[in-house]
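Asker: Spelled out from the first residue to the last, the chains are:
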Amino acid sequence: MKLDDQAQALRGEHVLQYPYRRATGPILGRFFTEIRDHRRFLGVKTASGEVLCPPVDVDPDSLEDLSVDNLVEVGPAGRVTTWTWLQEPRPGNPLERPFAWALIRLDGADSVLLHAVDAGSESAMRTGMRVVPRFRDERNGGIHDIACFVPEG
Amino acid sequence: MAQSQKPVTYIRTPIAVQYDYSVGAGTSIFLRALREGRIVGSRCPDTGKVYVPPRLFSVETASPMSELVELPDRGVVYTYCIVNIKFYEQVLEVPYAYGYVLLDGADLPIMHLIQECPIEAMRPGMRVQAVWKDREEWTESLENIRYFKPTGEPDAPIGRIMEEIRKKSHA
Chain A
1 MKLDDQAQAL
11 RGEHVLQYPY
21 RRATGPILGR
31 FFTEIRDHRR
41 FLGVKTASGE
51 VLCPPVDVDP
61 DSLEDLSVDN
71 LVEVGPAGRV
81 TTWTWLQEPR
91 PGNPLERPFA
101 WALIRLDGAD
111 SVLLHAVDAG
121 SESAMRTGMR
131 VVPRFRDERN
141 GGIHDIACFV
151 PEG
Chain B
1 MAQSQKPVTY
11 IRTPIAVQYD
21 YSVGAGTSIF
31 LRALREGRIV
41 GSRCPDTGKV
51 YVPPRLFSVE
61 TASPMSELVE
71 LPDRGVVYTY
81 CIVNIKFYEQ
91 VLEVPYAYGY
101 VLLDGADLPI
111 MHLIQECPIE
121 AMRPGMRVQA
131 VWKDREEWTE
141 SLENIRYFKP
151 TGEPDAPIGR
161 IMEEIRKKSH
171 A
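Protein chains in written order, with my numbering: chain A, 1 to 153; chain B, 1 to 171.
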């Protein structure tokens with residue numbers, strides 16, 4: 001037998017998949033529960049008086065543990081602080097049509113939340129625009145309970 | 001409207017990475033042969049070692065391999081591990097064994113499932129042979145072999161065999 005190194009190499013689709021299931025901890029647990037059950041957003045108030053949404057477990061300045069007692073309601077509307085237009089959505093993205101990934105500062109919050117903005121076209125997007133969430137009818141607890149944000153009004 | 005469910009304590013965040021994967025020329029030769037029910041390796045011109053799956057160049061000397069070698073579908077268990085933990089999307093009943101099988105004439109083992117053998121009876125040196133899928137199911141895949149099973153022949157001196165292979169190594 002001859003070793004034929006002219007042979008065309010075989011290729012094929014190979015999917016590497018991890019079925020992660022992650023513990024939320026008490027604070028993000030409340031955050032997701034509130035979205036699922038009441039379509040409300042919670043932020044966490046830090047020692048310096050800043051409100052962080054999504055909420056975190058540890059105060060980034062004082063490094064003290066934060067508790068569910070520090071949670072306050074924010075939003076549900078907010079403002080786009082920066083964004084990028086995705087012309088060709090990929091499998092697993094929140095929308096199947098072109099949309100914007102945006103950082104959104106919900107009213108009353110000092111930090112930003114990453115989510116999709118369904119604006120129809122790139123020309124409808126601008127930094128500082130007002131957006132409101134669109135919730136899914138069937139909510140299971142998780143960031144995908146928010147289908148996307150849409151321009152306000 | 002409130003949905004009366006338990007508070008959220010976990011979220012599912014699966015990730016999937018989709019590759020267009022090329023196996024390379026050497027492994028392509030291996031897989032194409034498997035489609036025909038054959039197992040092939042390649043021989044290093046300097047050490048005489050037979051690599052399976054075949055390589056285009058010697059791992060030890062970088063010389064081009066010049067010869068393909070056809071190998072039998074039987075060999076010796078070099079080492080193995082017992083899987084006792086059922087993991088996500090696991091299809092096999094635990095416990096089961098995965099082993100390195102050194103095919104007769106090869107100098108590198110291939111990894112495969114070993115079945116039709118009680119876990120307590122698993123041992124290095126056990127002689128095994130391939131159990132193939134039906135011919136019409138063959139594709140370019142090592143899964144054409146469903147598993148290896150004991151032949152019932154006397155054990156092989158696997159320690160001595162591996163020592164002989166080590167001696168072939170390029171100085």
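Source of the hints: derived by calculation from the structure; they are not laboratory data. Every residue gets a Cβ at the ideal spot worked out from N, C-alpha and C, and that includes glycine. Keep in mind that a hint or two might mislead.
What the hints assert, rightly or not - Derived, one-sided and incomplete: chain B residues facing chain A with beta-carbon distance under 8 Å:
id: 1; residue: Y10
id: 2; residue: Y19
id: 3; residue: V23
id: 4; residue: G24
id: 5; residue: G105
id: 6; residue: P109
id: 7; residue: E116
id: 8; residue: C117
id: 9; residue: I119
id: 10; residue: A121
id: 11; residue: R123
Stated by the list, open to error - Cut-off 16 Å, straight-line C-alpha distance, at most; resulting in silico cross-link-like pairs (EDC-like, lysine to aspartate or glutamate):
id: 12; chain 1: A; residue 1: K45; chain 2: A; residue 2: E138
id: 13; chain 1: A; residue 1: K45; chain 2: A; residue 2: D57
id: 14; chain 1: A; residue 1: K45; chain 2: A; residue 2: D61
id: 15; chain 1: B; residue 1: K133; chain 2: B; residue 2: E120
id: 16; chain 1: B; residue 1: K6; chain 2: A; residue 2: E34
id: 17; chain 1: B; residue 1: K6; chain 2: A; residue 2: D69
Asker: All the hints need checking, so say for each whether the structure fits it.
Answerer: Each hint tested on the structure:
no.: 1; hint: Y10; verdict: holds, 5 Å
no.: 2; hint: Y19; verdict: holds, 4 Å
no.: 3; hint: V23; verdict: holds, 5 Å
no.: 4; hint: G24; verdict: holds, 5 Å
no.: 5; hint: G105; verdict: violated, 14 Å
no.: 6; hint: P109; verdict: violated, 21 Å
no.: 7; hint: E116; verdict: violated, 30 Å
no.: 8; hint: C117; verdict: violated, 31 Å
no.: 9; hint: I119; verdict: violated, 27 Å
no.: 10; hint: A121; verdict: violated, 34 Å
no.: 11; hint: R123; verdict: violated, 34 Å
no.: 12; hint: K45/A - E138/A; verdict: violated, 29 Å
no.: 13; hint: K45/A - D57/A; verdict: holds, 11 Å
no.: 14; hint: K45/A - D61/A; verdict: holds, 12 Å
no.: 15; hint: K133/B - E120/B; verdict: violated, 26 Å
no.: 16; hint: K6/B - E34/A; verdict: holds, 11 Å
no.: 17; hint: K6/B - D69/A; verdict: violated, 19 Å
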